[in-house]
Structure formats: structure tokens, C-alpha cells
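Protein chains: 2
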Amino acid sequence: MSRAKELTKQLLRQFVDSFDTILFDCDGVLWQSNDVISKTPALIAKLRDMGKQPLFVTNNSTKSRRQYMEKFAKLGFKVSENEIFCTAYLAAIYLRNILNFQGKAYLIGSPGMQEEFKLFDINYTGTGPDPVTGEVEDWVKIPLDPEVTAVVVGFDRDLSMRKLTKGATYLQDPKMPFIATNTDSCLPIKDSQFLIPGTGSIVSAVETAAGRDALVLGKPHKFMVDLIKEKFTLEPRRTVMVGDRLNTDIQLGKNADLHTLLVLTGVSKLSDVDSNLESSDPTDRECIPDYYIESLTKLTEYLSDF
Amino acid sequence: MSRAKELTKQLLRQFVDSFDTILFDCDGVLWQSNDVISKTPALIAKLRDMGKQPLFVTNNSTKSRRQYMEKFAKLGFKVSENEIFCTAYLAAIYLRNILNFQGKAYLIGSPGMQEEFKLFDINYTGTGPDPVTGEVEDWVKIPLDPEVTAVVVGFDRDLSMRKLTKGATYLQDPKMPFIATNTDSCLPIKDSQFLIPGTGSIVSAVETAAGRDALVLGKPHKFMVDLIKEKFTLEPRRTVMVGDRLNTDIQLGKNADLHTLLVLTGVSKLSDVDSNLESSDPTDRECIPDYYIESLTKLTEYLSDF
Numbered sequence: 321m322s323r324a325k326e327l328t329k330q331l332l333r334q335f336v337d338s339f340d341t342i343l344f345d346c347d348g349v350l351w352q353s354n355d356v357i358s359k360t361p362a363l364i365a366k367l368r369d370m371g372k373q374p375l376f377v378t379n380n381s382t383k384s385r386r387q388y389m390e391k392f393a394k395l396g397f398k399v400s401e402n403e404i405f406c407t408a409y410l411a412a413i414y415l416r417n418i419l420n421f422q423g424k425a426y427l428i429g430s431p432g433m434q435e436e437f438k439l440f441d442i443n444y445t446g447t448g449p450d451p452v453t454g455e456v457e458d459w460v461k462i463p464l465d466p467e468v469t470a471v472v473v474g475f476d477r478d479l480s481m482r483k484l485t486k487g488a489t490y491l492q493d494p495k496m497p498f499i500a501t502n503t504d505s506c507l508p509i510k511d512s513q514f515l516i517p518g519t520g521s522i523v524s525a526v527e528t529a530a531g532r533d534a535l536v537l538g539k540p541h542k543f544m545v546d547l548i549k550e551k552f553t554l555e556p557r558r559t560v561m562v563g564d565r566l567n568t569d570i571q572l573g574k575n576a577d578l579h580t581l582l583v584l585t586g587v588s589k590l591s592d593v594d595s596n597l598e599s600s601d602p603t604d605r606e607c608i609p610d611y612y613i614e615s616l617t618k619l620t621e622y623l624s625d626f
Numbered sequence: 321m322s323r324a325k326e327l328t329k330q331l332l333r334q335f336v337d338s339f340d341t342i343l344f345d346c347d348g349v350l351w352q353s354n355d356v357i358s359k360t361p362a363l364i365a366k367l368r369d370m371g372k373q374p375l376f377v378t379n380n381s382t383k384s385r386r387q388y389m390e391k392f393a394k395l396g397f398k399v400s401e402n403e404i405f406c407t408a409y410l411a412a413i414y415l416r417n418i419l420n421f422q423g424k425a426y427l428i429g430s431p432g433m434q435e436e437f438k439l440f441d442i443n444y445t446g447t448g449p450d451p452v453t454g455e456v457e458d459w460v461k462i463p464l465d466p467e468v469t470a471v472v473v474g475f476d477r478d479l480s481m482r483k484l485t486k487g488a489t490y491l492q493d494p495k496m497p498f499i500a501t502n503t504d505s506c507l508p509i510k511d512s513q514f515l516i517p518g519t520g521s522i523v524s525a526v527e528t529a530a531g532r533d534a535l536v537l538g539k540p541h542k543f544m545v546d547l548i549k550e551k552f553t554l555e556p557r558r559t560v561m562v563g564d565r566l567n568t569d570i571q572l573g574k575n576a577d578l579h580t581l582l583v584l585t586g587v588s589k590l591s592d593v594d595s596n597l598e599s600s601d602p603t604d605r606e607c608i609p610d611y612y613i614e615s616l617t618k619l620t621e622y623l624s625d626f
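Here the protein sequences come in this chain order: H and E.
What the first sequence shows, in the working numbering, is residues 321 to 626, in sequence order.
What the second sequence shows, in the working numbering, is residues 321 to 626, in sequence order.
Hints listed in this document are in silico derivations from the structure and should not be mistaken for laboratory results.
Careful: at least some of the hints might be erroneous.
In this list, chains with the same sequence are indistinguishable; a pair is considered to hold if it fits within one copy or across any two.
When the alpha-carbon atoms are kept at most 30 angstroms apart in a straight line, the in silico DSSO-like pairs for lysine-lysine are as follows [claimed, not checked]:
(1) K574 <-> K551
(2) K391 <-> K359
(3) K391 <-> K551
(4) K510 <-> K542
(5) K589 <-> K495
(6) K461 <-> K359
(7) K510 <-> K461
(8) K461 <-> K589
(9) K325 <-> K366
Keep in mind that this is a model prediction, so the values were computed, not measured.
Required output: the full structure, derived from the provided sequences and hints.
Below you can see the structure in the form of C-alpha cells.
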């Protein structure tokens, strides 16, 4: 493996000719929290004009596809709902299509997940605040729901010991499916001194208590790409994955045999690419993007002459 | 390694002659939640009569030594406070004696930890309920305390995303000490279908978010035994560790070169010993107790003829 190449204006023709489909991570790539990264709506429009198919693949489990549509519209993007692949949707479709889900999901998750579950007629319980009461000995008097047939974990702002207790308790049944939307360790927050734990932090807590590993649906796992293939033509060697994180976006590209472009407007830095090159872990050493670019703003500027 | 020997009446003399000091885990060994395991107070008294030194070593971080004294007294044990080594105390003494602590600890923990911290003049912040408010973007407006100079994690019934956010944020400073009382994955709850997450579950969540590993003070780490040696004569080959968990109690015995006795009134089963024997992990394969016994009730009965 050699170091990633900078995507310069000189390399643009070669890059553009290499793909028909382009997958974009969203936060840290097209926007940072609620601020659009300059000119990225024009980039998406330009790519469509060039006959490219943009698709949007995000590990963020807090929003439904409908809520993403609203966010895209608000920030000036023209996107259709079937181009959006978020992990709230992935979880619902996994339960419905892969597990042929019956019963009820115990959901440590978000309103966005509830919305997708409703669309797929998946019953769920467990959402909203559920704080502990009484002493630890009293927690074991919590009524359990006998209809629960899966535990699904996503980002949950209301995480509590009571939720962890219920999740771990249901998971004592070794046949109970245990599904996680994603395992991102933290959320990218623009210009902040804060580190906000991601779904990965919550999943770790449940996994440790339950003594079991979750099945993870989000990037870097290939399920996202398999799902896209059911709806769109996706030829791996004619597809590029654009993202800001090596261990999710770029790793998905490697796992699914896609081309990869790292942008430096989010979590991973160029020094992280160097660290990966020198890592003792072979998975890290392979996780090197084909290209990197400072930002998609720059890519838009390059493409304006095309 | 061979399978553990059952501690029968025939082996009793050999066992008794092998130690001067006997370390007891508490929950699952001397009691189960709030119920004493029959005859264990008489066992402790008998051992004292025989000239043995009993000591009490627990990973439970929810109680101070004073609170443990109350629990021992209530259940009929005669124990002195300096014989109790609990992880709330370990955390306080580690900060005071090893770190020469200045500043303030950000404490994800219990009232028992607060009590021990006060005894050692350790300032702390962060205890009690601290639920999230507003949207994720608002969480980054939480005021941080510039005096915080360590993050200490124990069992916290009030765990919340806001606490995880603060802990992970302080830990972005690579020089910030990150201390965990213990990493037990769950609490032993008698006759319960519930699995209550232990401190290990909380520690995993913080470690994942922060991308750092905590320094763990409790069993199986040797710090507990090192601390005992400062207060009592403890000759490892004349000491036995009695516990209900292979990966904490028995592993501490192995790490500190003690004799070990597994009781079957708590978490680990005899089948877990067999699993360890067959494990591909060499640490597991070494973690086999010298002896096992159904319960300390039985040991008390055997000793009554002595």
C-alpha cells in the first residue's frame, strides 16, 4: 500500500472517468452538524448533469429517510428519498426482510428509528426516557415484555441503567437477535471542544453487560452496499465511496471493493492515514483511501470547468 | 493445569494448614444481595479462633467502608473497618497516595465513592442525576469544569449521555488520568431473571467514546493485594483467595500468586471452569481454582468438628 494520492486538478479527468455511482457519507462530508459545506449542493447537481448517480449513506441512526429529506432540502440539496440509506432504515429493513420479523423489538434508539419501524410495520417498545427508580434490588422488579423477540441498539439520548438492564436481560436468551445500527465511537461536532459519544459507546455498554457481540449493520459492514444493489445498479469497480472516516467510510469501500476518496472536513486527518500505513494491524494497513482532498468545496471548484 | 479439586472433608486439614490469611469476596460468597449465605458469620468467627486473618475484598464500588461495616453488622458478621478493601476506597487511596491528587475528579460514580473521596480530601464533581437536555448540538454548550484533573468511573445508577459526554470530553486530554474502580460486566442478583449491568458496562461506554483504556484498580488487578500488604502481613503462598468469579477473584489469586477457592453460590459455575480449561486463551487456561466448594455453608459445617 502506498500513501493516498491527493486529488488534484490534474487527476480530475482520470477520477471522474472511473465511476458511474458515487456514495457520499453526509456529516463531515456534505455538512458539519447543521452547516452545509460550501458548494456541495452544486456538486451533487453537477454530478447528476454528468450522468453520475449520487447516493447517500450515513451511519447516523437518529433520523428517518423522511427527516433526512427535510435536512437535505433545508441545506439546498436536491435528493430523492430512495437515494438515502441511513441506519434507521437499514435496521427496519433488516428486521423485515432478513429476519421476517414477528413480535416486538426492544429499541434502545431514536424517534427516527421509530418512524422507520412504523413504516415497516415493526412493533417496538422501550423508546423515550426510562430512568432508574429505587435501589438496584428493585430494578429486578421491572416488568419484562414477553413479546420482545429482538434487541436493536442505535443512538439513544435517553440512555439509562434501566435501559441497559432491560437490553442485557432480554439478550440472556442466546437466540434473541442483537442488532446495532452502527459502532461509530463519537459524533462529529464542528469546532467543538466536546466529544459526544456515538452509538458505538452505547453498543459497547450493552455488549459488555450481555456478554455478546451485536450484529452491526452500518458502515464498514457490507450490508449497506448489498441493500443499495437491490435498488440501484452498482458495479463496485465503477463506484466511489466518499467519506471523512477511515474506519467506517473508507473501510466500507475496501470491504465492498469500491474506489475511495477521503475528505478532510470531518473526523480523520491525513496523519491518521499515515498511522494506518504504519499500523501493526493488517486491516488498518489496507484501509488507505485511493484519493484524498481537502474538502468537497475544492472538488466542486475543480469540476466547474468541466 | 488440571481441573480444580473439590474441597472435601478429607482435604480440609491440608487446606486449613495452607494459609494464615484468607481473602473473601463478599457478594455471591458471604451474601447474595441482602441475604446472608447461611453460617458464613460463624465461619469468619471460627477462622479468627483458629488464628487466621480474614480480609474482605470486593469490586463493588457503590459502598464506602463505613457502609460495608453497616452491612456486615446487619448480617451478623464481626468485622473491623480496616479489614475491608472495597473499590470506592481503592479509588480514593489511589488518587491520594499514588497520584498525589490535586484539583478535582470528574466522578461517574456512587454516594459510597463520594464518602471515601471526602475522607481523603479529594474534591469531585459530577455525581447525581445529570440528564440530557436540548438537541445534541446543545450538549456542546455544557459548561466544563477547568479544575478537573482526573476522570474516575465506578457504578453510577444515574448514567446518562450527558455524563458520558463530559467524561469523554475531559479524557481528550491525553494526560488526564482515567481510572476505573472495576470492570465486572454485571451484578450478581439472587434468583433473578434480570441481568444488571456492572461497572464494566459503564467503563466500556466511556472507553469507546474516549478511545482510551482505563486504569482498572479492582480485581483481578494486583493493586488490591499491594494495598493490603501495606496494612497487613500477607505472604502470598500462605494466603487463600475465596470468590465466586473466575475472571476477577480467581484471576486475582493467580496474578498475586495466592491459593484459590471457588464457591458456587455466585456467578461462575463448574462448567465455566471446564470452559476455561478448554479455552484458546492462555490466560483463561491458567485461571483454574485450586479448590472449589458448593458453598461456604458447607465449609462452615466441615470446620465445626475442628
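Okay, the hints, checked on the actual structure:
1. K574 <-> K551: within (21 angstroms within a copy, 56 angstroms between copies)
2. K391 <-> K359: within (16 angstroms within a copy, 65 angstroms between copies)
3. K391 <-> K551: within (22 angstroms within a copy, 62 angstroms between copies)
4. K510 <-> K542: Within. Shortest intra-copy distance 28 angstroms satisfies the 30 angstroms Cα cut-off; inter-copy 42 angstroms does not.
5. K589 <-> K495: between (41 angstroms within a copy, 21 angstroms between copies)
6. K461 <-> K359: Answer is between; shortest inter-copy Cα gap is 28 angstroms, intra-copy 55 angstroms.
7. K510 <-> K461: Between. Shortest inter-copy distance 12 angstroms satisfies the 30 angstroms Cα cut-off; intra-copy 43 angstroms does not.
8. K461 <-> K589: Answer is between; shortest inter-copy Cα gap is 25 angstroms, intra-copy 48 angstroms.
9. K325 <-> K366: The answer is within: 23 angstroms in one copy meets 30 angstroms, while 75 angstroms across copies does not.
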